[in-house]
Each structure stands twice: as structure tokens, then as C-alpha cells.
Amino acid sequence: MKRERIDGTLIKHPPMRKYKVTEEKNTFFVKSSTLYVSAVKQISKKVEKLNATQTKNKVFIVKGMGKSIPKVLSIGVYFQLKNYRVEVFTGSVKVLDEFEKEDDDSILSKRTVSSVEVRIIL
Amino acid sequence: MSSKTEHKRRKLYRSRIIRTEVQDPSFKDERLNVEEFLKSREFEVNQLQMAQLKSKKNSSTRCFQSLPRSMRRRTASHNIKRVPRRLRPRMIREMTSNNGSILTKKPKHSRGRELYKLKRLHRLLKLATVAKSKGKPLDLPAGLDLKEKLRIVRSHIAELQNAKDAEVQTYDNMHLKFIKLHQQSLNNKLGSMDNTAVNELAVFKPHALKYSNRQKKFKWLPTHVWHAKRAHMIKRWGFNIALQPSQKCYRATHRNYLHSHCIAWDTSYIGTIILHHPTSLTPLIELVGRLSKNKAIKPKFLKNHKIWEGIIYQDNEDSIGHSQIIWQDLANVKQCILRVHPSLYESLFKLILKLAPKDVTVFDCRYSLASFQVAGPAALTALGAVMKTATANENWKQLCSFRDNSMIPTGSSISFYINDPRYLNKPHKYHHNIREDELDLVIAIKEGKVFDSASFEDLFTYQGRIKSYKNQPSLKELDLRRNIIVNNDNVENLGKTLPRNPDDPLVPIHLSKLENGYYQVIVPWYWNLPVWYKLMRFPEVRYGGLRQMHQLNLESNRPTYPFDYPFWYHGFVSSFIQGRELQKKWELRPKGKRLSYSKLNIHSLPGELLGELGDPFVSDWRYLQALQYALKVHKECVHLDPSSFDVSNWTTLGHRCLKQLQDVYECVRDVQRQDSEFENADEEKILPIPIKYQGEYQFDPTKIDNVSVVVRDEIPKLPVTLISVEIEGTGHITTNARLYQVPSHDWQSWLANNEQKPVRAKYLVGFVTTGTLNLASGKHTGIGCMSYEVNQLLHKENHHHLLLRNVGEVTFRLVKFQDIPL
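The listed protein sequences derive, respectively, from chains A and B. For the first sequence, position 103 matches number 103 in the working numbering, and the numbering has no gaps at all. For the second sequence, position 622 matches number 622 in the working numbering, and the numbering has no gaps at all.
If you are wondering where the hints come from, they were derived from the structure by calculation, not from laboratory data. Being a predicted model, the structure only gives us computed values, none of them experimental. Warning: the hint list may mix true and false statements.
From the structure, some residues in chain B lie toward chain A, with a derived Cβ separation under 7 Å [unchecked claim]:
1. Arg255
2. Leu258
3. His259
4. Ser260
5. Asn304
6. Ala378
7. Thr381
8. Glu394
9. Lys397
10. Gln398
11. Arg403
12. Pro409
13. Ile443
Over the 12 Å line for every Cβ pair with chain A, so calculated as not near, a few chain B residues [claimed, not checked]:
14. Glu6
15. His261
16. Lys350
17. Asp404
18. Gly579
Beta carbons are placed, not taken as given, at the ideal position from N, Cα and C, and that holds for glycine.
Chain A on its own, in the form it takes in the complex (with noise of 0.2 Å):
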């Protein structure tokens, strides 16, 4: 369904994150100006760096939505590429949109979009 025209500036807002300590150490957001190779090797220091530090649960998370989604994906063939183990889950986020006015309150409309978990099981 086609959505309706809002009026005024645009400001899109990320999707709500939880805070989790651990998330520093075992998961990558993917954005859609991430470059691959420089994911590619954050992710495999990253990745090492869980191998060696963590003795159950050892799963890296790669997340990425909408127009990253071909990207994370690719990310997770190189990684099967490299025999470890990759599993995939689609599922979609819920966002905001904030629809900014010059003199009036701004609009906040809800819109939700596709997203891709890859987990590289160490």
C-alpha cells in the first residue's frame, strides 16, 4: 500500500535498541554507508577476539535492514566461505519517522521495514 505524502522535512529515526552490555562484543549493525570490506574485517577481529574470549554461546550476530539487507548477506556467505557455520533470520523493525514543520508540532508516523539476522556460529 502506498503510503500518503506527510508534509514538511524529513528526519528518519533508527529503530529502539535495547541496552546490552554484551552487544559491544557480539554484534555488528550493518548501515547502508558501511563499506563491505571494512565490515568484512571489523566483523573477523571481532569475531576472533569472542573465539577466544567466550566459552559457551560463542554466536556472532550480523544485523542489517532495508537497503543493507543484500549487503549482510554477503557478509554471511563470506564468512560460510570461510567453514563456519552461518545460519539466517528474516524479520522486519519498526521505525519512526519524524516529518519536521517550521512553526508547528512535528508528525511522527510509524513505518516498518524488512530486516536480516545472520549468525555466524563459532
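Chain A is fixed; fit chain B onto it per the hints.
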């Protein structure tokens, strides 16, 4: 040698042995077994790594030496309580073996008659302090016994009290009367009171009289003592403010802010002015509209409690500085809350008093409202762990489980009551699963539906703040309560949160999201410290100072007030002060070991002068102003007939004629010389600010006669604009670096081939006010100002590059620039 030292020596020796496979089994019969060879090399590499760790561990003889720096304490060598619990047994072993003494018990106190005497003396001292605080210290005659002395002091206090009460009754203003009456008879034992002034500037009242002498010029923030132990302090803008933590933290600050933790700042130095009208908002809207060029009075700020952040103006013309504005349109209260930097506070307060109509009351809440800011992914979680709502509040619980990103719209705010944070034994996170309607919460916050108006009203009215101090329990009382709970019920209650007594006050707070992504919490002045103490006990919180704010601003390309705003008075002055400090340091060094700026050959072209451009210790805006003007004058007169000039280089009035480019440089030096004469004549005088933010350049070519001269007093202000620069390729940027326009004939060689070519001084267009390594972009970046005219010209030509040269260097580097809106 004793066996102990022998053992130690052997241990150290063993730790430094790196095992290797010298006799390699992989090489047999003149053949190399590759697999075995690799294995033995792998073994060796592992051994090498292990040896490094072992050697490090063994060289430390005491257990606290193995702790990370952030966990080390000053007295950890002899005070057992300064090391983590898990290390204490080892610590005791080490101390007993080294014949060290162990500090575990407090020294014994006096007993019996001696104790009784001391107690009496203590009471006398207390009373004498009260007498002193009432304005009249008492000289007690010698030779009296303690009982007699107490009697005299008591009657003296009663006398003073009566006199003050009588004085309060004479006040006309009902607000003032209420506040003063409260100050006379406090409603709590802790000495917390609301120090609000009505229609005048408030006088600071230090919490402890003992330290009042130290706070005459520079006041202490509520958390001063906490900060003074852990950070370098700086005296600025009438306050003692934390500059930076004692421990090095440049990289840690970046990481904590971006990835894992959060950083908190005590920003109580930001002043709050409250404009109050008994019945309507209209006069306030008119007043604030004048101050903000009608930007802060748009409907979106007047409803839904959205806060406004922007520039305020004097006389609808000159910009003064940044401000935050919060509107309070409630049934009983019509108020406007203005928050400004302390450097602007007094002048703005006076301006508002002048502009405000008669029925508007202006409250000075500088010393009655405190605030702190928290930034980073754990910000909301940390706040939630400390600020527990008085009544069950699902929304707040849910909000606190989020990681802070740009999910919540800027400017949104909520307000609620929290319990005394000292009820908590230690901060703990809310455990809350994200519900389905998580986005609805953000929408509700945005629309002001989560807002509690009662607490909002209480926080920004003196009656509410006074109420929040009523029966404020002391730490001692709270500990007693804790003991009773543990003794009566069972030991399981140990370490649990205290329940609230019905008499205990509630604390109103206001939480808002600022434009820079920080969360700002406003609390009553005397509640700041309890909240801060508990906040600092949350493991994911770090504290910062002004430098950390400056660093994070640079990382996201935001200018910092006042350092990056040289076109405003306080920005100009702060850069001037920094420059003088640098100069002092430079002058202290011996001549052979310091860079002689005046002999540098920077612009190695014929006709150029030797030496650094302008004052090498500051961004010399005066130099740029004079240079740009002289160049303009010179340009206007180049086409004139040379015969119309005199043969001499000087006019009859003693001004220099600008015939050639070299005359321009000489002329700028003349201006500088005259300036220094002017400054030397009167040290109090500060030159007018040589630049202004954008706007027209007041240059009238028709005014210039046939003779091209520059008169010092007639140089117009140079319009400048804010930019950020990023280095292209290698190199670094330092503060006060000089910015040059790329000469048009050298575009190709600079941009295409990046070829070093000499540049003339006349291409100077600006300075970098802050510049250093930016960890966010992995390069050196900077923030500065450049001539507005040149900026416009470059944009028209679609050029986005400048040349940068650090002070005292001769290398020019290509940088990319970008405009920053004010």
C-alpha cells in the same frame, strides 16, 4: 642472601625465560618437514606472547599494581579498603610479610569526662557558627565557664533572629517575603534552602560556612568536593569547574561515548532565569520574541513542552550567545525558563530586567536549580538505575531500557517525581522487556502525554523547591532506618532499597534531550549531590570535564562555546587568555630552545616579510582584519595614476601610502605597533572585537582618495563565518593554525598533483580555533572561522579546499572545508 629474596629473584628469572626449540626436529636428512616446522614456530610465537605477560605480572610485587588504572587508588598501598574485595586476602599476605601496618580499624574516640567536655565545646562552636552566619560574630569574654558562654551565645542568636524576622515583615514583594521567611527557618536538618532572588541577582550562600572564604570570587558547584578529588579544576565564569579527569582519558572518552558507556557532566554552572507572570503568557511571549527574533515563540515550543535551543539577540540585532528556553503553560503557573552560559548570565539578566514589563517577575535561579548532563549509549539506563520514580511509572521503566541513539526526537522532555536516591544501597537497572508498542511511547513523549505537570510546576517554582527539601533526611537517619530494617526482619534485607517514609519529600526533576544528543537533568540545587553520588556508582558511568565536552564536540563537528566563537566577546577573550598563557610558557624557555617565530621564513617569495603572521600564540583576528582591509585599499588604488602619488612613501599626516604589496604588509605591522602602544598605555583596555558574524562588509571605495592609506581607527569589522576543516592526506592540525586561500594560478598543482608551492601571506583568510586528532573520523580535523566574503566566493566557484599551515611551521597542507551553521 635470605631465602625470601632468593626465591623472588628466581621467580623473576624464570618469568623472563622464553622457551624455544633450538634443535629443530623438522630438519632431517637435509629435508624440511613443513608441517612440523610451522608447529614449532607457532609454539615459539605463543611462548613469546606468554613471556611478555608473565614478565609483566611478576615484576609487580603488590596486588594493586595488577589492577587497571581506573581501579587504582591513592592509598591502596596501606589501606585495605582501597582494593577490590577479591584481592584483599592477597593484600593482607603481602602486607604482613613486608612488616607493613594494616589500616582496618578507626582510632578510638575519647570517653567519659573528656568526651562530655568535647561535646559541650562542639555545641558552643556550632552556636557560634550560627551567630556568625546571622551576620554578627560574637567576641566572648575570657574567663567564663562553658555553661555561661553557651547562655550568652544563645541569647545573642535570639536577638539577631528577632531583628531579621522584623526586617522580613517589611518586604513588599510577596515572593521575596516567602523565600526569605523560609531561609530564616529552614524545614530540614541538612541546611538545604532555596536561594532564589526576585528581580535582582542572587547572592551565593555557601553550604558550609567553613569554606565561604574560598568561594568569594569563584563559587563551588554542589559536587565540587567530589570533583576536586578526581579532576583538575579551573576557575572560569564565576565558578570552579572541572576541566578534565586527573586520569588520561582521550581515547577512553571517545570509546565510552560512542560504544559502550556514558559520560556525565555536572553542568550546574549554567544559569536559569525564570520569567513569571501571574495570569497570562502574552507579555512573556512578547519579551522572549524580542530576545530570540521570534524563533523561540513558535507554537511547537509553546505546547508539548518541547525545549528550544538557539541564539539570543540584543536589541534585535547583535547575537549574544546560545540559550535554552522552556515554556511552562500550566493552569496555575505561566512561566518562561531561560538557561544560559554563566559568561552571559549577568548581562542577560540585567537586559531582561530592563525590558520586562512591570507585572512580570524575574527570578534568578542560578543557585537554586542545578543540572547535569549525560551522554552515551548507557545514558538512559544509568539515569533509570538512579532515578526511581515515586509511583510506579511503566513509561519511565521502558524508556530506561533503551540504548541511547537518535531514536528520541531532540527537544522532547519529560518531568516526574523521583524518590530520594539515597534509599538505594547501590544503583540497579530496571529489568523491563520491550513491549510491542515501543514506538507509541516515543510518540507519547513527543506529544507531552507522559508529562507530569505537578512535578514540572514544583521544580520551577520556589514553593515547590522548598517543599522538596521538607524533612530531607540526613545520611545518619537513613542509616538508622536501614539498621532497624535489617535487625527487625532479617539479614536478607541487607543491601535492599529503603521504603519511603510518608514524611519524606519527593524530588521533582526535568529530563530533556538536547540538540547535541545529551540528556539534561534539572534538579533542585541541594538534590544534585545525592543524585550525583549514586550516578557515579553505576558501573557504566564516567565523568567528564570541559575538555571532554570540547573533544566530543569536535568529533561531531560542533563548535564549542566560547572557544570556537571568536566573534562573540567571551570567545574572543577566552582565546586571548589562552594565548597569554602560551606566551608565558614560551618566554620561560631559554632562547636557544624555543622557536623564534620572528625569524621564520614562511612565505619564501620576494617581497614577503620574515616571521609568523600576527601573534603566534593566538588566532590573530586583528591581523587578518587589518590585512584584508589594507589589501582592499591597495586594490582600489592600483589602477590610479602613479604620478598622482607623492614621491615619498608617507603622506603629510604621517600615514603610509600603499603603493606595493610590501607596503600592505608594512602597513599591517604599523597597525599592530599602534595597537600595542594603545594597550600599554592602559592595561585595562581591551581592543574592540575585530570581527563579526557574517553580514555586510562596511567598505566604501569612494571614501578612499587618491592617496591610499589605512587609518587605524577606521578599519571596519571583518565578517567571518564558521567552518570545519578536515585534512586531505597526511599531516596534523593544531589550534591557531593559519588558513589560506588556494592561489587561483596554483589550483592545478595543489589539487591535482598536491605539489608544494610557496604561498603569499596575502592569501590568509582565517584561523583554526580548535584543531586536533579526531578519533571519530580517524584524521586531524578542526573548527575555525574564515572571511565570509572569501567563503561566498569559493562556494560560487564550487571550490571546497583551503591551505592550512600550523603555527611555527612552513609546510602548507591541503584541507577540505565545510560550513557550519551558527
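Each hint tested on the structure:
1. Arg255: violated (10 Å)
2. Leu258: With Cβ-Cβ at 10 Å, over 7 Å, it is violated.
3. His259: holds (6 Å)
4. Ser260: Interface hint status for serine 260/B: holds (5 Å vs cutoff 7 Å).
5. Asn304: holds (6 Å)
6. Ala378: With a minimum Cβ separation of about 6 Å from chain A (threshold 7 Å), the hint on alanine 378/B holds.
7. Thr381: Where the cut-off is 7 Å and the nearest Cβ of chain A is about 5 Å from threonine 381/B, the hint holds.
8. Glu394: violated (15 Å)
9. Lys397: Since the shortest Cβ distance to chain A is 12 Å, the answer is violated.
10. Gln398: violated (10 Å)
11. Arg403: holds (4 Å)
12. Pro409: Since the shortest Cβ distance to chain A is 6 Å, the answer is holds.
13. Ile443: holds (5 Å)
14. Glu6: holds (37 Å)
15. His261: violated (9 Å)
16. Lys350: holds (31 Å)
17. Asp404: Per Cβ check, aspartate 404/B is inside 12 Å of chain A; nearest 8 Å; violated.
18. Gly579: Answer for glycine 579/B: holds, closest chain A Cβ roughly 40 Å.
Hint compliance for this structure: hints 1, 2, 8, 9, 10, 15 and 17 are broken, all remaining hints hold.
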